[in-house]
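J.: First to last, the protein sequences are chains U and Y.
So for the first sequence, the numbering used here puts the first residue at 1; every next one is plus one.
So for the second sequence, the numbering used here puts the first residue at 1; every next one is plus one.
Among the clues, some could well be false.
Given that identical chains are not distinguished, each listed pair holds provided it fits within a single copy or across any two copies.
What the hints assert, rightly or not - With a straight-line Cα cutoff of 30 Å, these simulated DSS-like cross-link-like pairs (lysine-lysine) come out:
no., residue 1, residue 2
1, Lys13, Lys125
2, Lys186, Lys256
3, Lys232, Lys298
4, Lys280, Lys246
5, Lys33, Lys13
6, Lys94, Lys44
7, Lys151, Lys44
8, Lys274, Lys151
9, Lys125, Lys33
Bear in mind the hints are in silico, worked out from the structure with no lab data behind them.
Number of protein chains: 2
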Amino acid sequence: MINQLVKKIEELKAPIVVGLDPMMNFVPEHIQKAAFAEYGETLKGAGEAIWQYNKGLIDAIHDLVPAVKPQIAMYEQFGIEGLMAFHKTCEYAKEKGLVIIGDIKRGDIGSTSTAYAIGHVGQVKVGSNLYRGFDEDFVTVNPYLGTDGVKPFIDVCKEEKKGIFVLVKTSNPSSGEFQDQLISGKPLYELVAEKVAQWGEEHMGDAYSYVGAVVGATYPEMGAALRKVMPKNYILVPGYGAQGGKGSDLAPFFNKDGLGAIVNSSRGIIAAYKQDKYAKFGPECYADAARQAVLDMKEDLENALVNK
Amino acid sequence: MINQLVKKIEELKAPIVVGLDPMMNFVPEHIQKAAFAEYGETLKGAGEAIWQYNKGLIDAIHDLVPAVKPQIAMYEQFGIEGLMAFHKTCEYAKEKGLVIIGDIKRGDIGSTSTAYAIGHVGQVKVGSNLYRGFDEDFVTVNPYLGTDGVKPFIDVCKEEKKGIFVLVKTSNPSSGEFQDQLISGKPLYELVAEKVAQWGEEHMGDAYSYVGAVVGATYPEMGAALRKVMPKNYILVPGYGAQGGKGSDLAPFFNKDGLGAIVNSSRGIIAAYKQDKYAKFGPECYADAARQAVLDMKEDLENALVNK
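Start from the sequences and build out the full structure, keeping to the hints where you can.
T.: Written out as structure tokens, the structure is:
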């Protein structure tokens, strides 16, 4: 799957993943109205609204980008009905040829981590049958519990030719509270990055590992340092756009071959119609606005990489 | 809710939480057979089996302990159907008067952490209605992302009079990889504990905070140190029994008032019938075996605390 992701990035010339994080206030009114007319102002109605919203987005951008990254929290907030919309979104995006990065940030120990891995990127046994509960291609994993927490994901991914992105340096303002603390002169995030490089050796694709890292666009100087620590690990870069990361900040995350990183944008794309820049599209054409925002992001990244 | 938990611990003289982590191989054959006869060897059948298994356990132990801690990974592995069993289990345990500690180990940033908090311990708005997606009383939270990740949970908990347990020092063998690393001579877990104490001041109950910590029973000497760093924070202690923690290891986690900690046991109780000690009950009476295991654990803890 990492080989497929790299190939698609090269073909489309777009190291871009669209974050499908459907906050209810992003969903245009006409979609909310239709969903509530059918199911009432209920959790089921909310699930229908975010699913229809996502469907429109996927239809509009699936030929431009290699992958989408649904953020499961935005679905989980609506309970079971929200998670059904998450499941449907993943299935539909897969049908449309997109790679699915489940932004689930799970992490536990031993058999519990195995259970998460089985549920999201593996198969669960029921009697003599095997089923996929959810079916992402990659998931994000929290490293705080150490190798015991991460290894079970890698074991399941090895069987499935799927992968993970481990949180290394997150994009938020307070990420430094623990992640930047110096341990024998080296920040914690670098120690985690060294482990990612090591874990990654266990599950290699052609040029890159199935084990990647999450490093926020908001910390470009750390991106440069971490690129060196993890030369063969793909870096998933959140924080572009709404969180303040600019195209010119992103060059350090890439290798000289122009590969090695995939940049996420969520609200900058899916809620583009709310920005002045794309206001002309209007809420009815929110998906066209998203498509234009992807094209603009692609250009911004191309310029950043040419000038590298 | 922390006041209610403390009160129940005192009344029942049982600082015990039963971990409802239903691995399929814990579920007695007669329950699996009945569930599969009704729904086939499907995800729905698996969901039904773990729900029936849990129901039996809750019926058998609800008058002995203050709380249960369902581990969501064990449900999530069966996808939507598993999560429906999780939801049903929480509802039923609540009906039976138990406090629900959702072991979800979530953690993200800003609006995403808010979404998790809303989904598990808060209420989500749909049009002009409010709903609870899931409805736990406490949840476990991963601190790797810093205050940005934890604060949104506390904000929601303040409105709801609910609480969280933040991972400080986990019970697994490799927990030291990152958590024990020294930062200016102090291990990372202690730094996290200091933050927990600080976050906890924002949301106090009568004697204890609504913000607690997770510290593994497998590290009693760290328990003693952390008890001092977080005098007003309840400590949720996993790792008793199957993971190697003994009653005599647990005294350091408690305050002098005999309060301040709640000890989790999962498979040691819910799969007690599989141990030689409780084999006489047989799989048909797995719930009676669980009840006896709770009584034995209660005695073990009482002895440990008397000798403190």
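J.: Against each hint, give a clear statement of whether it holds in the structure.
T.: Results for each hint:
no., hint, verdict
1, Lys13 with Lys125, "neither (39 Å within a copy, 40 Å between copies)"
2, Lys186 with Lys256, "within (25 Å within a copy, 39 Å between copies)"
3, Lys232 with Lys298, "within (23 Å within a copy, 51 Å between copies)"
4, Lys280 with Lys246, "within (23 Å within a copy, 66 Å between copies)"
5, Lys33 with Lys13, "neither (37 Å within a copy, 53 Å between copies)"
6, Lys94 with Lys44, "both (23 Å within a copy, 24 Å between copies)"
7, Lys151 with Lys44, "between (36 Å within a copy, 29 Å between copies)"
8, Lys274 with Lys151, "between (41 Å within a copy, 28 Å between copies)"
9, Lys125 with Lys33, "between (40 Å within a copy, 15 Å between copies)"
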